[in-house]
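For chain V, the structure is supplied; the task is to place chain R on it using the hints.
Protein sequences appear in the order of chains V and R. For the first sequence, the UniProt record's numbering gives the first residue as 1, with consecutive numbering after it. For the second sequence, the UniProt record's numbering gives the first residue as 1, with consecutive numbering after it.
It is worth saying that the hints were derived from the structure and are not from the lab. Some clues are possibly wrong.
[Stated by the list, open to error] Pair ranges (Cβ atoms, derived):
1) V:F55 to R:S43: 28 to 36 Å
2) R:T141 to V:I42: 28 to 36 Å
3) R:R51 to V:R27: 56 to 64 Å
4) V:R245 to R:R51: 36 to 44 Å
5) R:G189 to V:D56: 25 to 33 Å
[Unchecked claim] In silico contact screen, one side only, chain V against chain R (beta carbon under 10 Å); selected entries:
6) V108
7) W124
8) L249
9) E313
10) R335
Only a predicted model underlies this, so the values are computations on that prediction, with no experimental measurement involved. For glycine and all other residues, C-beta sits at the position ideal for the given N, C-alpha and C.
2 protein chains.
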Amino acid sequence: MSQLPEQSAGPSVPTSADVARLAGVSRATVSYVLNDNTTVRISDATRRRVREAAFDLGYVPHAAARSLRAGHSRMVLLPAAQQLPGPLHQRFFTDLQTDLRRLDYTVVQYGSVGLDADEAVRAWAELRPVAVVAPGGVHLTPHRTGVLTRSGAKAVITLGPQPVEGAHALVLDQREVGASAARHLLSRGRRSIGVLMPQDPGLAVFAGPRLAGVLRAVETSGAAARAEPLPLAYEEEPAARLAARWRTLGLDAVIAYDDEYAMLLMRALQDAGVGIPEETAVVGAGDLMLGRLLRPRLTSVRMELAAAQPPAELIDRLIRHPGGPRERHDLLRARTVVRESG
Amino acid sequence: MSQLPEQSAGPSVPTSADVARLAGVSRATVSYVLNDNTTVRISDATRRRVREAAFDLGYVPHAAARSLRAGHSRMVLLPAAQQLPGPLHQRFFTDLQTDLRRLDYTVVQYGSVGLDADEAVRAWAELRPVAVVAPGGVHLTPHRTGVLTRSGAKAVITLGPQPVEGAHALVLDQREVGASAARHLLSRGRRSIGVLMPQDPGLAVFAGPRLAGVLRAVETSGAAARAEPLPLAYEEEPAARLAARWRTLGLDAVIAYDDEYAMLLMRALQDAGVGIPEETAVVGAGDLMLGRLLRPRLTSVRMELAAAQPPAELIDRLIRHPGGPRERHDLLRARTVVRESG
Chain V
1 MSQLPEQSAG PSVPTSADVA RLAGVSRATV SYVLNDNTTV RISDATRRRV REAAFDLGYV
61 PHAAARSLRA GHSRMVLLPA AQQLPGPLHQ RFFTDLQTDL RRLDYTVVQY GSVGLDADEA
121 VRAWAELRPV AVVAPGGVHL TPHRTGVLTR SGAKAVITLG PQPVEGAHAL VLDQREVGAS
181 AARHLLSRGR RSIGVLMPQD PGLAVFAGPR LAGVLRAVET SGAAARAEPL PLAYEEEPAA
241 RLAARWRTLG LDAVIAYDDE YAMLLMRALQ DAGVGIPEET AVVGAGDLML GRLLRPRLTS
301 VRMELAAAQP PAELIDRLIR HPGGPRERHD LLRARTVVRE SG
Chain R
1 MSQLPEQSAG PSVPTSADVA RLAGVSRATV SYVLNDNTTV RISDATRRRV REAAFDLGYV
61 PHAAARSLRA GHSRMVLLPA AQQLPGPLHQ RFFTDLQTDL RRLDYTVVQY GSVGLDADEA
121 VRAWAELRPV AVVAPGGVHL TPHRTGVLTR SGAKAVITLG PQPVEGAHAL VLDQREVGAS
181 AARHLLSRGR RSIGVLMPQD PGLAVFAGPR LAGVLRAVET SGAAARAEPL PLAYEEEPAA
241 RLAARWRTLG LDAVIAYDDE YAMLLMRALQ DAGVGIPEET AVVGAGDLML GRLLRPRLTS
301 VRMELAAAQP PAELIDRLIR HPGGPRERHD LLRARTVVRE SG
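Isolated chain V, as found in the complex:
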């Protein structure tokens, strides 16, 4: 550690009275100007003077005090991004944040890393958000949803693979990802499909439904086909072991959890001399750039999030009409982009 020049010890917190004094106006005028209240006639010169005084003093209103006065907050709590990884979710959250801000909400992200579900929900409730979007991984029971609504949340919305009783649901139905890949492989005449299952416990909530989607697609196809789960850790050594016994498995296709798992397995299969796609077709998911850089180029399930109404407007509507029926919106669209690997 090195020391930089002195930081001044905590100065006194400026108040709206300080702003009023500096600008030479009443506290009520300060409040009208800084809250953008346009029903009161205040000259532009005065508004400018108040804003400059607030800026010079570094005065900002206190969100908590304001929400206590108003009896409700404008805070929307979103799950921290790492709980729903991937570029797809990141873009979704970026857009959602921008749109909610445009609707004048304060967007706060809250991680539940290291907390159990009850602790996480209590921590959320303590912040008195007007709405909570909770990841599918935290199991919102009806009781926990009740804790949030009784603490003042007008809308509790889950975002994840399955809806949860008592809450609105933005559903990313992962079964469609597996089903799309399986339908493609079946249409190409593949009949024995392995499904890579990642061993990261955080991914089980996605991987389980994807496998279910594959199994259902195989069942309903009418073809004499089968699918089986293949556990695989994201490491070179287990991938090499799986590749070494690949021909004993009798599979002619494999659906990887995502493009990175597909790359891991393809490398191991190629190193073991297994022909792709001649002997085994490989399908990834996520349609990342890296799949296009592989040889053969990777066939992959592309996912998109689409909604009839932009999610921010939906959340705003649910907040403003809290008594309505619970809603379910399916956001995930999946289609297989066919390249060379299968």
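Okay, now just chain R, sitting in the frame of chain V:
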């Protein structure tokens, strides 16, 4: 959209008085029990009764009201994870959150997507955090740091490539990443080094210092060597164009921005018949699994975050002693992991 069974309209918010009534104790007792105040003698049976009543009613204390009463909050504001991408930062933030919670802080993440720096700082100040860890990308001027400290923040800490005047600094000095790669290449006799510069504006804050590190390493090496920046968008087409004119550039080595850019360029160079590493050595950064899956295996700069004191303890100390000198802590360690590509 489909409709699920009815959600009950906003029930009344339970108060500590409701909990006191149900548990048959005073409001003071409720407050002592739920705030874990152990200086007051209350029987275990009573504590249990209060906790059960609070659970049954779904009562949670109001963080804002509590911080207003106490005159300060326990809220530490962290930047939303997407502003510092990559597994390295994610692990750092996960550990930091867990450790801060253990020290009884409320950790809230705040995205500044779509906000300018002044708006972001005001939004942070409105939440009255006791500490703010701000990403390097948002330029905290001394004025903006002042807005935060005057709103009650005891510690303002930047996390990024450079320190900022007026704030404590956790510095991730990216120059060391470039310098490590360049020193390795120079030691292998490479003398003309291209440095891939990503065109994503969000990465400029990392890419610029990395290039500076390369240039300094070349200058101080004493070798008759040179380095030059090569702009490259993360797309196949521009990579192919760059590869097509590669031999006219007279380079014998290239430092990619990260392993993914290295993969993009390696594929394009190999498709153009450029030998790796014979004609051109390639070094990535990040030491991701995918680099080990490439052929030749990718040489890459591994980054680690290390601190003499765990960052959560450091932040806690800065909060408890707000008048001290500003501190700078360098967290980033970089070393080149040599494989086959250069």
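How the hints compare with the structure:
1. V:F55 to R:S43: 28 to 36 Å: At 54 Å between Cβs, range violated.
2. R:T141 to V:I42: 28 to 36 Å: Since the Cβ atoms of R:T141 and V:I42 sit about 29 Å apart, the hinted range of 28 to 36 Å holds.
3. R:R51 to V:R27: 56 to 64 Å: Since R:R51 and V:R27 have Cβ atoms about 42 Å apart, the given range 56 to 64 Å is violated.
4. V:R245 to R:R51: 36 to 44 Å: violated, 54 Å
5. R:G189 to V:D56: 25 to 33 Å: Once the Cβ atoms are compared, 59 Å apart, the range 25 to 33 Å for V:D56 and R:G189 is violated.
6. V108: Interface hint status for V:V108: holds (5 Å vs cutoff 10 Å).
7. W124: holds, 9 Å
8. L249: violated, 21 Å
9. E313: violated, 13 Å
10. R335: violated, 21 Å
Hint compliance for this structure: hints 1, 3, 4, 5, 8, 9 and 10 are not met, and every other hint is.
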